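Q: Take a look at the letters that make up each chain.
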Amino acid sequence: MRVKLLLWTLCSALLIGLLAGCSSDNSGSAQTVDGKQKVTLTYASWGSTNEKKVQEQIARQFTEKYPWIEVKYMHIPGDYVTKLTTMFAANQAPDVFPIYKAQGLQWAEQGKLYNLNEFLKEDKELTPDTLIPNAILYWDKDKVAGIKVTEEAFGLYYNADMFKEAGLPLPPTQAEQAWTWDQFLDTAKKLTIDNNGNNATSPAFDPSNVKQYGVRFDTWMWHLMVPSNGTSVISEKKDKLNLEDPQMIEAVQKMADLITVHHVAPSPTQSKNIPAPAVALQSRKVAMDLDGQWVQLDLGQSGMNYGVGVLPKLKESKTTLFGEPEVISATTKHPKEAWMFYKFLLDAKSGLDMHASGLWMPVSKEWYTDPALIQQWATVKPGHPEGYTDAIMKQTLNNGVNSYEYYLKNSEKISAIINPALDQVWLGKKTVQQAFSEISAKANAEFKGTYPEE
Amino acid sequence: MQSMTETAQRRQTISKSSLSSIRRRENWLGWLFAAPAILGFIIFVFGPMIASLWLSMTDYKVASTPHFVGLENYRNLFNGTDAFFYKSLGVTLYYVILSVPLQIIVAFFLAILLNQKVKGLTFFRTAFYLPTIVPLIASSMVWLWLFDPDMGLLNIIMRALHLPESQWIYSETTVVPTLVLMSLWTVGGTMVIFLAGLKDIPDHYYEAIEIDGGNALHKLLYITIPLTSPTIFFNTIMGFIGGFQVFVQPYVMTQGGPNNGSLFYIFYLFREAFTFSNMGYACAIAWVLFIVIMLFTFLLFRTSQKWVYYEGEGR
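Just so you know, the sequences run in chain order A and B. Residue numbers for the first sequence follow my numbering, so the first one is 4 and each next one is one higher. Residue numbers for the second sequence follow my numbering, so the first one is 22 and each next one is one higher.
Simulated from the structure, these hints should not be mistaken for lab results. Bear in mind that the values here come from a model prediction, so they are computed numbers and not experimental data. Fair warning: there could be bad hints in the mix.
What the hints assert, rightly or not - In silico DSSO-like cross-links for lysine-lysine, where the CA-CA straight-line distance does not exceed 27 angstroms: (1) LYS397(A) - LYS384(A); (2) LYS433(A) - LYS108(B); (3) LYS433(A) - LYS127(A); (4) LYS412(A) - LYS243(A); (5) LYS336(A) - LYS368(A); (6) LYS108(B) - LYS445(A); (7) LYS127(A) - LYS144(A); (8) LYS75(A) - LYS55(A); (9) LYS41(A) - LYS346(A); (10) LYS68(A) - LYS192(A); (11) LYS433(A) - LYS192(A); (12) LYS243(A) - LYS108(B); (13) LYS412(A) - LYS108(B); (14) LYS432(A) - LYS108(B); (15) LYS68(A) - LYS55(A); (16) LYS144(A) - LYS243(A); (17) LYS108(B) - LYS451(A); (18) LYS352(A) - LYS75(A).
Construct all of the structure, not just a fragment, from the sequences and the given hints.
A: This is the structure in structure tokens:
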């Protein structure tokens, strides 16, 4: 009998444990701190271990300032969107988190995110005017999905020693002096060297045995030069994709030609053998890198002699902006406190280490205009090379164009059609025009309109 | 005398009633002990299945309220609105049809080899089984290096042997055969099941063939294959089910590329669910796969009567 009782107890204990495991923690405590009701927020983000440390520090500082608000930080280093989707499905979404632009806009449309315009309209400190242009993500008129938590901008990074040894002029840092595409291509050719020591301008150049490439870029940035050619991935009337637009085709073809015609850039397959951009520059596998400013963190830590210039131009000097938004989930129980923490996150003072390291760029305008603030991040070495304030900071403010994903609805699905088609282009099997015309109908069938710019 | 029979009768009735109460209690205990498995199935398998069947008929996008849309998700799948459905189905079928027979042949061949009485047998068995224990993500990373067209070991060997080089997983046409090749590395599990099947064949059958003057080929054709046919059958079904559910390789190695050449069905499903957050639609995709796998299994079972031999069936 005793054995049976024991078994019965064991079974019920297991069952209760099972059920308890399924139910969520609802221990709503009525604690008070400083006469205010205690509030707990959850904040999730991706990022390296370094970023994790800074995020934890920001959360701690916030609680020091507002003792009744505790921020639980959750670090999600991989499978970020999968994890968040699951948390949303379980009704346990974090209160505040950064998200990739395309998902953020889509999720806002689906009602998953808080409309931040409710705060922006009334807040006295954080208003659209205090932000740099292009920082707010609207998913409908007066509906804000999020604000970029840091800005990201593209530039032309290079190994300065390699230029010096080749006796070539450094890439210009001022928009007015930006290289034309031909100047850029010519430099890239001179810096592309095969195993026999011939550079790509020589008739004896052997493209199948390249030791050092003039330039590298990620093929997911296929649209990098599109704004510079005076056009956009979305048609001017905003009624379809610009896949037949000659300007757009030309801008993408110029990138492809770097790989397939001029052999000055590694193909996606060849890139697999080349280390991460910063190491590639340092180890002289490549001389120039068309990349986002986040690469500065690694470049700075490598201790190499690097520099940055503005991107080459086709018609006008532009840079593509790419920062990801910070959002508040619609299911948050404490919107007011979440907004307080949100503002704290966006304040460049909170994560100043990360801004000074070169990884992040502030989104408040004053950090771009006030010399006292600029010197706290944009001139701090080694994360910011000489010329950074012109080539990246000023360029972001004056000639920055948001990447098309900020405005294109259903852009994830459309990318899933465009990117495979471009695979053929990087292999040199098709021209951009051929690839685009083949998928144009399919991609435009998924075109579901655009998000407003403000 | 009479009283004795009475007591005996009474005793009998008592024992009868207590017997049935024991049986009842045992019955109850049986259910209790089976409860974790049954509850587990209901809570973690059957419940979610019913939920996903219902979600597959909604426009559920995670955290939004699902609206019933009837069979629209299924219609969109089959009428060609979705640019990827037939492509992914084709890629997966191609992989299954290529990989399952090859895996069976290789595993069977290895099992026969490892069933011989040679020196160092334990070592060989361990060596051939070992890759199965390596997590698929880790082995995918290793194969990624091997398949590299410029610096990968495979092309270096091809170059040294003056054989044509391949782009392996980096070309639309070779990506699926390459992944099939990679899958042959992990046939250890199938091989072990074959080995168990081979061990079951009594030696005297082979001796009989030897006495009748048969050779090794006869042994294989008339003894080994017929007697392992249930094992072959089992492994084929498991191979089909596994082949339809390939996910890690495209997720880690190719992201479905190049040009959707390795857009495996489950990867496509995952992308719909977690990248595009079309959860309802993804549920419909999952149900279509469920039906496809069920159909394949059903067909295999139907054909099995013709070629699978069970001992004691007297055929």
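Q: Hint check: LYS108(B) vs LYS445(A), CA-CA at most 27 angstroms. Holds or violated?
A: holds (14 angstroms)
Q: Hint check: LYS68(A) vs LYS192(A), CA-CA at most 27 angstroms. Holds or violated?
A: Outside the cut-off at roughly 55 angstroms; violated.
Q: Has the given pair, LYS41(A) with LYS346(A), been kept, meaning a C-alpha gap of at most 27 angstroms?
A: Roughly 19 angstroms separates the two Cα atoms, so the pair holds.
Q: Tell me if the straight-line CA distance from LYS433(A) to LYS192(A) falls inside 27 angstroms.
A: holds (23 angstroms)
Q: Just to be careful, I want the Cα atoms of LYS432(A) and LYS108(B) compared with a cutoff of 27 angstroms; is the pair within it?
A: holds (21 angstroms)
Q: CA of LYS412(A) to CA of LYS243(A), is that 27 angstroms or under?
A: holds (11 angstroms)
Q: Taking 27 angstroms as the top limit, are the C-alpha atoms of LYS144(A) and LYS243(A) close enough?
A: holds (20 angstroms)
Q: Quickly compare the C-alpha distance for LYS352(A) and LYS75(A) to 27 angstroms and report which way the hint goes.
A: holds (20 angstroms)
Q: Hint check: LYS108(B) vs LYS451(A), CA-CA at most 27 angstroms. Holds or violated?
A: holds (23 angstroms)
Q: Given the proposed pairing of LYS243(A) with LYS108(B), does the C-alpha separation stay at or below 27 angstroms?
A: The given pair, whose Cα atoms are some 25 angstroms apart, holds under the 27 angstroms limit.
Q: Given the proposed pairing of LYS412(A) with LYS108(B), does the C-alpha separation stay at or below 27 angstroms?
A: holds (24 angstroms)
Q: For the pair supplied as a hint, LYS336(A) and LYS368(A), confirm whether the alpha-carbon distance does not exceed 27 angstroms.
A: violated (31 angstroms)
The earlier numbered hints that this structure contradicts are 3, 5, 10.
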